[in-house]
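Colleague: Quick note, the sequences are listed as chains A and B, same order.
Counted the way our numbering counts, the first sequence spans residues 6 to 108.
Counted the way our numbering counts, the second sequence spans residues 398 to 828.
No wet-lab data here; the hints were simulated from the structure.
Using N, Cα and C, we set each Cβ at its ideal position, and we do this for glycine too.
Treat the hints loosely; a few may be bogus.
Computed footprint of chain B on chain A, listed as stretches where at least three residues anywhere in the stretch have a Cβ under 8 angstroms from a Cβ of chain B [as the list claims (entries may be wrong)]: (1) 55 to 65; (2) 69 to 76; (3) 86 to 94.
Each chain, letter by letter, is given below.
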Amino acid sequence: MKKSHLYLVGLAASLAMAGTATQALADDEITRGQLMAASCKACHNAAAADSGVPDLNRIPADVIVSQMKAFRDGDRDATIMDRHAKGYTDEEMEAMAGYFSRF
Amino acid sequence: MQDFTRRNFLKVAGISSAAAFTGIGCAANGMRGADKAHVVVVGGGSGGATAAKYIKQFSPNMRVTLIEPNATYYTCYGSNWVIGGFAGMDDIAHGYDTLRDDYGIEIIEDRVTAVDADARSVRLSGGDRVSYDKLVMSPGIDFRYDDMPGISESDADRIPHAWKAGSQTELLRSQLRDMPNGGVFVMVAPPNPFRCPPGPYERVSLVANYFKQEKPRSKIIILDPKDGFSKQGLFEEGWAEHYGDMIEWRAGSDGGRAEEIDVSNMTVLADSGFERVRADVLNFIPAQRAGQIAHDVGLTNDEGWVPVDQLTFKSEMDDNIYVLGDASVAGAMPKSGHSANNQGKIVAAAIVREVSGQEPINPSSANTCYSLVTPDYAISVAAVYQYQDGAMAGVSGAGGVSPSGASSSFRRREAEYTRAWYAGITNDIWG
């Protein structure tokens, strides 16, 4: 495969991503952030929302990241989320947070 | 927000073009591969139902068939609430209508009696065969009655294990209800590894809660082959606070190891025969192994569990079979419904990526496990896991148990979150 073709495929992929995030993700492969976000959905979905466990589909990504950091750093009171948040890097929190609206 | 979104977008775009560079034309072929592949899932519990649902979420056009003998699945988690008398069987019952109607999963209500791995097909009890490209098995546990002299599986209608939820749960509940005040409830706890490590100790807690209200002169004895158990300090703190000396736990090295069960006399022999413990209600939870079908297919190791590649949960014995949940050997991940749920997602992603010609990804995964000590007092253990050096290992610095000496409002909040967790995870699996 010629280099120019490789470039075009890469460009096409990037342009596809520029459509809408949902469209691009639906056509693309599963990513690490998406799979890690799926893990959070065990608790954080609509069924638990009445009990004070937020449905992350309804929380903006930047809020998810800031609250995860607050739990991790002890800046927000918690029963269990402090113990979870300490298991993720900043990059992982950001990668997860961007995917919730997709489910 | 704006900055974050753009940064994230660029990262995603970067991954996308990298994938395109490594496999030209692969994406299109991959999508066709995913659309053509037929995945059969055996077992509709926490692991199997999650895998089926998430394959359809990740790749909606993929064909997925879920084979499960029971129309209604009763979760083992939550069954101690029924045994404790403050929840009904309906509260822990789940069906497959949503998976069929909303997710397009084909549901076959039947039992798989054999797997022909060479022909890639499973046989149903009626003799019909269902062929697969990839097979997911979530067979749960079976019991090792042979390890305990004096008792066999046929005695379970008198001495329930209640470690698979359903009629066994109801049987133990009715025996406790019929027991006179002043009676003795004896639990023979299982050796490691077993399904739901804190489960036996939550069970005695909630039986004690029932006795305290209805039969306060009664007694509970746990005969344990082990010298310690999950969340032990927190359980013992809660027991002392709520139940005084009603619960007596005997460690394996302190005469707790049961050596024989005299079924006709409802008596457990322990401590080299020096101790005879008579029960009014006896709950024998046997030693465990992977569900029988995993043995029949030849997927198990010498210990009776299924070794897998813990990055994907693909069987070490067969390239087209994935095994997850309690039956699998999953490193540091406990045999819990939450682990099975997370493993279902890992398997779903691994299969969709494999049939699309993509490498597996290495995610972090988590476990959250709440136990009620009373209906309003709960404790928890949490962990984050990552695949490292060939096994699922806990991420250091994360996880752990609830604090000891916490306030009653902290315990009450965890009890509220226990119910929220149940509502959430069962919705994630079957809803």
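Colleague: Hint by hint, work out which the structure violates, then give me just those numbers in ascending order.
Modeller: Those not satisfied come down to hint 2.
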